[in-house]
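So you can see what is in the structure, the chains are spelled out below.
Protein chains: 4
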Amino acid sequence: MLKRRYEFRAEFFDADPMGIMWHGNHVKYLEMARCRLFDELDFNYIKMKNNGFALPIVKIDIKYINPIHFNDDFIVEISLLDCDITLKFCYIILSKDGIKISKASTTQVAVTLDNQTLYSIPNELKTAILKAKSL
Amino acid sequence: MLKRRYEFRAEFFDADPMGIMWHGNHVKYLEMARCRLFDELDFNYIKMKNNGFALPIVKIDIKYINPIHFNDDFIVEISLLDCDITLKFCYIILSKDGIKISKASTTQVAVTLDNQTLYSIPNELKTAILKAKSL
Amino acid sequence: MLKRRYEFRAEFFDADPMGIMWHGNHVKYLEMARCRLFDELDFNYIKMKNNGFALPIVKIDIKYINPIHFNDDFIVEISLLDCDITLKFCYIILSKDGIKISKASTTQVAVTLDNQTLYSIPNELKTAILKAKSL
Amino acid sequence: MLKRRYEFRAEFFDADPMGIMWHGNHVKYLEMARCRLFDELDFNYIKMKNNGFALPIVKIDIKYINPIHFNDDFIVEISLLDCDITLKFCYIILSKDGIKISKASTTQVAVTLDNQTLYSIPNELKTAILKAKSL
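Protein chains in written order, with this note's numbering: chain A, 1 to 135; chain B, 1 to 135; chain C, 1 to 135; chain D, 1 to 135.
Incorrect hints may appear among the rest.
Identical copies look the same in the list; a pair holds intra-copy or inter-copy alike.
Unchecked claim - Dumping the calculated BS3-like pairs for lysine-lysine here, alpha-carbon to alpha-carbon at most 25 Å:
{"hint": "1", "residue 1": "K28", "residue 2": "K88"}
{"hint": "2", "residue 1": "K49", "residue 2": "K63"}
{"hint": "3", "residue 1": "K96", "residue 2": "K63"}
{"hint": "4", "residue 1": "K59", "residue 2": "K126"}
No lab work stands behind these hints, which were simulated from the structure alone.
Please model the entire structure based on the sequences and the hints provided.
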């Protein structure tokens with residue numbers, strides 16, 4: 001399974017009046033983990049664009065388990081669940097002590113740059129993922 | 001059923017390099033609709049705090065159906081699904097022409113201000129909701 | 001002088017752990033006031049793009065005078081200071097009671113869409129501004 | 001002089017429809033550099049709060065020189081200009097190739113936690129800064 005861990009910090013502007021990260025800001029860190037992973041695959045959004053497609057999110061769900069406080073470091077663990085018709089990742093956000101902060105999943109479809117849906121994830125991306133898995 | 005519609009606009013800073021609202025920004029407009037509704041109930045987050053509790057989000061899911069472009073006006077329709085052990089809303093984001101942009105739901109639990117979970121939505125809020133429903 | 005007032009609300013996700021709008025979020029409301037004004041001129045960013053130019057911000061300064069709290073309504077008053085070589089606006093953010101929250105100014109230059117600086121604000125925009133001033 | 005450099009990346013949600021970082025998002029990275037520096041001084045916002053004061057921003061100005069594109073790494077160089085009645089920093093944002101992206105300065109005053117202005121930066125913070133300077 002393709003799985004990576006990236007570390008981030010809860011910034012001042014991420015925290016709400018309760019002193020904890022506003023729930024909507026978790027989405028930013030899921031995107032950051034996904035972009036870091038695409039960079040590792042050497043197949044990021046810029047390369048996708050050059051290959052004539054994009055990968056819009058069609059579904060996201062998040063379960064919030066424990067709060068993250070301002071200035072806390074945390075880990076986003078991203079795992080590939082599926083890469084066939086859709087691209088599906090799941091995520092666990094963990095404190096440095098291993099406490100579960102939240103769990104999430106995202107589903108992306110491939111579209112051409114003029115927004116026509118493709119019925120499968122393009123082969124170039126599948127190949128890049130297979131290569132990373134075999135490392 | 002308690003249902004309300006609020007109108008917003010996709011701002012320049014909401015749009016991503018594809019020219020459409022970044023998927024994570026939908027969460028802001030769900031929050032804005034919820035806050036407008038709590039204001040209408042005369043029971044907003046400030047009043048909740050004065051009553052000794054908060055309503056953190058424990059679950060969110062969003063399905064993205066069509067893109068919203070920069071400067072487009074849109075409507076968030078929020079409906080109360082449940083107000084017993086948890087507070088659950090569902091949302092439909094619509095273009096001005098009635099095209100479905102996204103669908104979402106959120107679940108909130110009541111906690112005391114020192115973060116102890118309550119096993120039910122406080123009666124003051126239930127009463128405010130019943131009053132609004134009967135209008 | 002071209003001057004307009006637009007009303008906004010300090011949202012939950014705008015507020016920081018001190019319960020007041022994070023200073024960086026003022027920039028969003030300056031942008032929103034500017035976009036509302038461009039819409040009134042019938043010359044918004046989309047029309048600019050169709051006319052082959054953009055108006056990037058080259059300078060911003062903000063003085064913070066009083067805090068805005070979560071859920072407070074406030075007014076952004078935007079005034080045109082200059083529209084010749086550069087486009088310059090000044091702004092006053094006011095509470096509903098007329099208390100000054102912050103003062104700001106922005107300077108924009110015109111560039112072609114391939115990022116070549118123009119030495120003057122395009123005539124189409126100047127004309128739209130003159131027309132609005134004469135109303 | 002107290003000077004530090006921190007590296008960040010322009011995220012997908014930072015970029016606007018022109019594909020470059022929205023000007024308002026520079027403010028986030030100034031805050032991140034300042035927070036990293038306060039952490040190095042072992043005197044971050046949490047310690048300030050425990051010492052009974054906060055450091056709200058009263059003035060910010062930014063000059064934008066060159067655009068940052070999505071996924072570009074960049075450096076924020078922060079330098080202490082003044083720490084007496086006010087706390088003043090200046091910043092240069094640089095690309096990895098040393099190209100100047102923007103220049104900025106911020107001014108902060110010390111206030112007690114009930115928002116009474118102090119007429120000087122508290123000695124605990126001055127001492128922490130002197131200690132860091134001597135390293």
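Verification of the hints:
For the identical chains of this complex, K28 and K88 are neighbours both inside a copy (17 Å) and across copies (24 Å), given an alpha-carbon limit of 25 Å. When the C-alpha separation of K49 and K63 is checked against a cutoff of 25 Å, the pair qualifies only between copies, where the shortest distance is 23 Å, while the shortest distance within a copy is 31 Å. In this homomeric assembly, K96 and K63 come within 25 Å of each other (Cα to Cα) only inside a single copy, at 19 Å, whereas the closest approach across copies is 31 Å. Taking identical chains as interchangeable, the C-alpha atoms of K59 and K126 lie at most 25 Å apart only when both belong to the same chain, with a minimum of 20 Å there against 31 Å between chains.
In terms of the numbered hints stated before, the structure departs from none.
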